[in-house]
Amino acid sequence: MSVLPYLVAGWLFLAGCVGMATSRNLIHAVGSLAVCQSSTYVLLLAVGYRRGGTAPVHSDIRPGSRPLVDPVVQALTLTDVVVGATVTALLLALVVQVAKRHGTVDPDELRELRG
Amino acid sequence: MSPRTRLWVLACGVAGVAALLAVTVWRLPPFGGARHPYGERAVEAALASRVANAVASVNFDQRAFDTLGEQAILFGSVLGTVVVLRQTRDERRVEPEPAGVAGPVRRYALIALPVVLLTGVYVVAHGQLSPGGGFQGGVVAATGLHLLYVAVDYRALKRVRSVHLFTLADAAGEAGYLLLGTGGLLAGTAYLTDVLPLGTFGTLASGGTVPLLNAAIGVEVAAAVVVLLARFLDQAIEIVTSGEEGDRAPGTDGAPGTGGARPAGGTGRADGADGPHRTGRGGAG
Amino acid sequence: MDELPVALALLLVACAGTAAVATRDPVRQSLVLGVLGLALALLFTVLQAPDVALSQLAVGTALTPLMVLLSVRKVRRKARSERREEHE
Amino acid sequence: MRGTVRPRPPRARRAARAAGETALWWAVLTGLWLVLIQTVDRLELVVGTAAALPVACAARAARLAAAHR
Amino acid sequence: MNGWLAAACALLVLGLLPALAAACTGPVLRRVLAQNLTTVLTALVLLLLAQGYARPAYGDLALVLAVLGPAGTLVFERLLAEELAASPARTPFQRLMGLAGTAAVPPVVLALAVVTDPGRATVKLLLTGCLLLAGSAVCTRALTAAWGR
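Chain order of the listed sequences is C, W, Z, U and R. full-length UniProt numbering applies: residue 1 is where the first sequence begins, and numbers increase by one. full-length UniProt numbering applies: residue 1 is where the second sequence begins, and numbers increase by one. full-length UniProt numbering applies: residue 1 is where the third sequence begins, and numbers increase by one. full-length UniProt numbering applies: residue 1 is where the fourth sequence begins, and numbers increase by one. full-length UniProt numbering applies: residue 1 is where the fifth sequence begins, and numbers increase by one.
To be clear, the hints were calculated from the coordinates, so they are not data collected in a lab. A couple of the hints might just be wrong.
What the hints assert, rightly or not - Which stretches of chain W does chain C cover? Using the computed rule of at least three CB atoms under 8 Å from a CB of chain C, they are: (1) 42-51; (2) 219-228.
What the hints assert, rightly or not - Computed beta-carbon distance windows for the label pairs: (3) U:Gln38 to W:Thr24: 41 to 51 Å; (4) W:Ala45 to C:Leu113: 24 to 34 Å; (5) Z:Glu86 to W:Arg89: 20 to 30 Å; (6) W:Ala187 to Z:Ala7: 16 to 26 Å; (7) U:Ala18 to W:Tyr38: 48 to 58 Å; (8) W:Ser162 to R:Val115: 22 to 32 Å; (9) U:Arg42 to W:Arg93: 18 to 28 Å; (10) W:Leu10 to U:Gln38: 48 to 58 Å; (11) U:Val46 to W:His164: 25 to 35 Å.
For clarity, every value in this text was computed on a predicted model and none was experimentally measured. The beta-carbon is built from N, C-alpha and C at its ideal position, and this holds for glycine as well.
Using the sequences and the accompanying hints, generate a full structural model.
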């Protein structure tokens, strides 16, 4: 159990990479990149977890009454989830532009077009 | 490089990284360990500045400058999307067809829309107390607005949404964050320092500038998402290049590979398969 | 035993992530990505990170699928019109 | 949805209806805010009513936009 | 580990894993129905976790999912209308998924409402439950209507 989350994070990262490298459709590649991104979230939050801890949010618990997990990694992750979505949007916009200019989103066909 | 060689290179790379990861994970701090020096100090600092949600304190007080960078990325990628997906000279707009939607869906959307918007505001406003904040609440509110597209039609959404205003709101949110930061400079300390009175712990006004920065981010994120989706919606529904069909009659092809089997019809096919579906959906209510 | 929820959520995330990559059609992939988002939100909750889970829920449920599907729609329409020009 | 064009009621009536609909939404949404929050104090009430008003206007605008076709 | 967490785990294994499998295979209609079911079940698991960890604040997650989940399913219903209509006829399994999406909500929410101290928290919980129920019912109905022609 002590390394399971790290292994899952590594698995997600590698699976996303394989998906991107073998993709025949740029939109699918962007989706695979999203899987890669999620691996970093899993890794960061796993590093910050404390056994028996609870969220560092004091709206419904008294400060100091329970052990807390690490808020720093959570802060890193939460902004990245939203910012990552807008970056995905930018990539999708580029894919749409590629489709407009070349009429295909297959990376192999695009390479042939370039010559 | 042939596809076969490429696969071999990929396999070697994946195997190498997997081996390295497998070695490294045993050296990482064990999962669930009790030692979190940064976390403990961050919680102490959060309580000292009377912010109940330590994550919000890290984001908008202790690491506020980092968040400034994050939201600059957000602003930049929205700007990039807007530029990439603009309407070019050889493109024109077609008026989207009204979509018939089943009555219950439409009624549900019209009741749910204000509920989602208010939930978004609630999440932004209580960012420094309970889980939530500007990033989350902004996305919630912006998604709620697009219920009008998914459950009514694009024309209804366009009637209530002024992209121009939302672009301004996006910039205003960004500017608000930057200007709130200068409060620290005016008070004679560092940029983005929390200089306002801290208030009572656990209330809406606690934490000095944290709720204000949260609100600025909330406005920016909500507006950014609306502008982004406006560009995608325009491209997918309204904008056509010469020779391309509009939203009136897109075909029903499934995967791109199967589409080629269809016989090439005339450009002006009015009996595209989408038309009957749309009107048919109206009858379902 | 206390960490059974964490282990189960990790299992769910690993399955959903693998399925998302293995689904080659972007339309079907966007559905699996939606489910992956929900699984991640669950994992973040059992890792005691409700803020991050909320972020993931907000982004993953409607926003990402909507953007992917709109892109697919545009790309397919474009590809179709190109094919027609070739045929004519 | 309705295809028939009905005669438009006088302006005062329309204004009263608009105000009524918005006020109804405003009340409902303020109630919703009270359910969502944890502790009730004056600032929460002020923020809640202030947030509910534009949302109520948005609710009415959305209904009109959906009805107009 | 208390009973609520055990219930959450059980729902995760017996509900979410099969729903994930259904979302990854088969015709599009089945996948979208499975996505809707996943949304509802995730919201219920989140409510159970909030009770299990004794953190009412986690309930906000279920609330947000209850209002956004139907929007997500309607996105698919809207943009995949053609493929949904082309899906083969509904099977009993798909009907079961549609039913499970609404039938799972009342028992969980009512059980949680009984143990919550009466007050605004109970109202919030019931509101979340009602939103979930309404959203799931509307989505299932819309998907069925898309198939019905």
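Results of checking the hints against the structure:
1. 42-51: holds (count 4)
2. 219-228: holds (count 4)
3. U:Gln38 to W:Thr24: 41 to 51 Å: holds, 43 Å
4. W:Ala45 to C:Leu113: 24 to 34 Å: violated, 55 Å
5. Z:Glu86 to W:Arg89: 20 to 30 Å: Holds: the Cβ-Cβ distance is about 24 Å, inside 20 to 30 Å.
6. W:Ala187 to Z:Ala7: 16 to 26 Å: violated, 49 Å
7. U:Ala18 to W:Tyr38: 48 to 58 Å: holds, 54 Å
8. W:Ser162 to R:Val115: 22 to 32 Å: Between Ser162 (chain W) and Val115 (chain R), where Cβ atoms are some 47 Å apart, the hint is violated.
9. U:Arg42 to W:Arg93: 18 to 28 Å: For Arg93 (chain W) against Arg42 (chain U), whose Cβ atoms are near 50 Å apart, the range 18 to 28 Å is violated.
10. W:Leu10 to U:Gln38: 48 to 58 Å: holds, 52 Å
11. U:Val46 to W:His164: 25 to 35 Å: Cβ of Val46 (chain U) to Cβ of His164 (chain W): about 30 Å, so the range 25 to 35 Å holds.
Going down the numbered hints, you'll see the structure goes against 4, 6, 8, 9, while the others check out.
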